[in-house]
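Now for the letters of each chain:
Protein chains: 2
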Amino acid sequence: MTTKIDITLSETKKEKPESGQLEFGRVFTDHMFVMDYSPTKGWHDARITPYEPISLNPSSMVFHYGQTVFEGLKAYRTEDDKVLLFRPEKNMQRLNLSNERLCIPQIDGDFVIEALKQLVAIDKDWIPTAEGTSLYIRPFIIPTEYYLGVAPSKFYRFMIILSPVGSYYKEGIHPVKIFVENQYVRAVAGGTGKAKTGGNYASSLKAQEEASKKGYSQVLWLDGVEKKYIEEVGSMNIFFKINGEVVTPELNGSILEGVTRNSILKMLSHWGMVVSERKLSMEEVYQAYKQGLLEEAFGTGTAAVISPIGEFYYNDEKITINDGETGEISKKLYDTLTGIQKGTHEDIFNWVTEVK
Amino acid sequence: MTTKIDITLSETKKEKPESGQLEFGRVFTDHMFVMDYSPTKGWHDARITPYEPISLNPSSMVFHYGQTVFEGLKAYRTEDDKVLLFRPEKNMQRLNLSNERLCIPQIDGDFVIEALKQLVAIDKDWIPTAEGTSLYIRPFIIPTEYYLGVAPSKFYRFMIILSPVGSYYKEGIHPVKIFVENQYVRAVAGGTGKAKTGGNYASSLKAQEEASKKGYSQVLWLDGVEKKYIEEVGSMNIFFKINGEVVTPELNGSILEGVTRNSILKMLSHWGMVVSERKLSMEEVYQAYKQGLLEEAFGTGTAAVISPIGEFYYNDEKITINDGETGEISKKLYDTLTGIQKGTHEDIFNWVTEVK
Ligand SMILES: Cc1ncc(COP(=O)(O)O)c(C=O)c1O
Ligand SMILES: Cc1ncc(COP(=O)(O)O)c(C=O)c1O
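Top to bottom, those sequences are chains A and B.
Take the first sequence: its letter number 19 is residue 19 in this note's numbering, and every next letter is one higher.
Take the second sequence: its letter number 106 is residue 106 in this note's numbering, and every next letter is one higher.
It should be emphasised that the hints constitute simulated quantities derived from the structure, not laboratory data.
Possibly wrong hints are sitting among the right ones.
Any copy will do: because identical chains look the same in the list, a pair fits if it lies in one copy or spans two.
Unchecked claim - Below 25 Å or equal to it, Euclidean Cα-Cα: the simulated BS3-like pairs (lysine-lysine) are:
1. LYS13 to LYS356
2. LYS228 to LYS279
3. LYS227 to LYS82
4. LYS194 to LYS228
5. LYS41 to LYS213
It should be emphasised that the depicted structure is a prediction, and the values quoted were computed from it without experimental measurement.
Turn these sequences into a full structure, and let the hints guide you.
Set out below in structure tokens:
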């Protein structure tokens, strides 16, 4: 295992975008972290270099067989100019879980967090300051062997790139509209649903495109076997408040375990609320709605933190929740979680790590 | 749509491997075909260039969301030194079907076949001559937009690379052993199973790895819903001969429609055999075996053409077929099909196209 990180600083600095004009994932900082894997050396040549193109032969496995994994987390700048990371160790655990499923060698999570901190520190000036902005961190692994056989690659490249991102909610937190998908399937038990791998996202594009033509911003996936049980939204886990109980689908092997989901479960329990992780059918949600018991629904993920859901489109019917307004729990979770991330709320769970 | 193909020949020629030492997919010829897609220009800048690395920013979508498709076909050299392609229009149709599922713009199949022929003609000296060898042709499309949002890429690159490949059967056609997978799932109805996209192969690696540790060369996938019905093998479709009837699983949306599968169905019908495409459970195969009615089993695909199956491992039991020997139909199909491909057998179905 490599422990030394070689640093080459960029001679030129790119112009930084205005805080107010930030989009998601279009602009990248001056540096990146890279390390390589080979069967004899393991992970080696850890280095921070200027952000620059990757050059690979067209036969490189990454262009053919989708054996990729990735993560997504954020660095936040506090009012007193500290830089905070939120539970990065959870992302590293999940990355190794994805690695396991995709036959990619395990990484040393502690070492990668150290590398990530050094990288963020070097590009600290890129972290935007405006309300709701942050630095999105994208660790990813690609197979680099030059070979067209269908087999795990023998060589890999691990990289971390950084992108300053704007507020998810330009005009404050507000509810989204979700299409309940009844034709396409994202993942199935025994597949790769619990891993963060490219193929899961590639397979979701078509449904997403069709939903957005109908005016829905994301799709809600149902299970691949019976198309009955709720799984998750495009890039968020999902929660419902039904008659006082907060419910989220249990981890069944085909949904991703969100770091936000995990944090919210802890917060809700801490607040003494009734929470359950269990099988939940769309029909149950629909019946609750009919009986006036569907109180709130929200998605959870690193990008939006909490995304209140104002409407579902399900079997040719519109299900409106809380009159299309942000619910009480959604709001409280959003304020508390973003407060912890931004250092304005007490970090009672010890979730935050400072980048020095 | 682009119609002109720009040609830049390589100044140096790489050394060609010995015919007898060819592996699959490790060595590539001197040239490649490339064209790019942008929303304003469509597919443009079609060109044949020296085989060389691709340079992409680390934020290029191909490294993150697996929105890739590919094809696989072969060029064969005949005894009188002609170069033949086998049903390339079927590969182009399938590529467009994959494109459709993956939200990638359609290509003009006729134009690509024309480009492919020019490329193969330029690198004609690379086509090996020994028995069973050929030139493997790999068309593929990658998303090239620099963006981390989960959405279809706006820019793409289409490429064709060529690799001289050895005989699949070094010591003549012989049966393989297959593990019937009962835990992992490759694809499910509503997913991407019928498309030739990276994610399908990435998700298969783990099962493949575990099967090969147990001494089985490939896995047989069952349907993702009930894990009961037979789908296909790693990179082959599958056929059984049961009590005189030749059966292959029907196209149900989760299996790939092989060009070889399609050709074999046509040949068998032409020979007047009883053939059906239908739902087929592993239990039915097992019962046929118990009753002594399981006469043959074989996989079909571009790589091996016909791969007779000598043994299945199913629910802790070994199912031996035809005493582990190549069956009569398997042998006849193999000889006829490779004969048509190599120009030694009459091309009664008009499947072969010459590269001039
Ligand atoms: C499919 C999917 N589900 C859920 C999530 C939420 O996970 P997290 O809370 O760790 O961002 C994400 C986003 O990362 C995702 O891509
Ligand atoms: C999953 C899968 N099924 C079947 C096949 C067989 O298709 P073809 O006969 O066109 O090679 C292949 C190989 O290309 C494949 O990858």
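Going down the list of hints, with the structure as the test:
1. LYS13 to LYS356: So LYS13 and LYS356 pass the 25 Å test inside one copy only (21 Å; across, 53 Å).
2. LYS228 to LYS279: both (10 Å within a copy, 24 Å between copies)
3. LYS227 to LYS82: neither (46 Å within a copy, 52 Å between copies)
4. LYS194 to LYS228: both (19 Å within a copy, 23 Å between copies)
5. LYS41 to LYS213: between (49 Å within a copy, 24 Å between copies)
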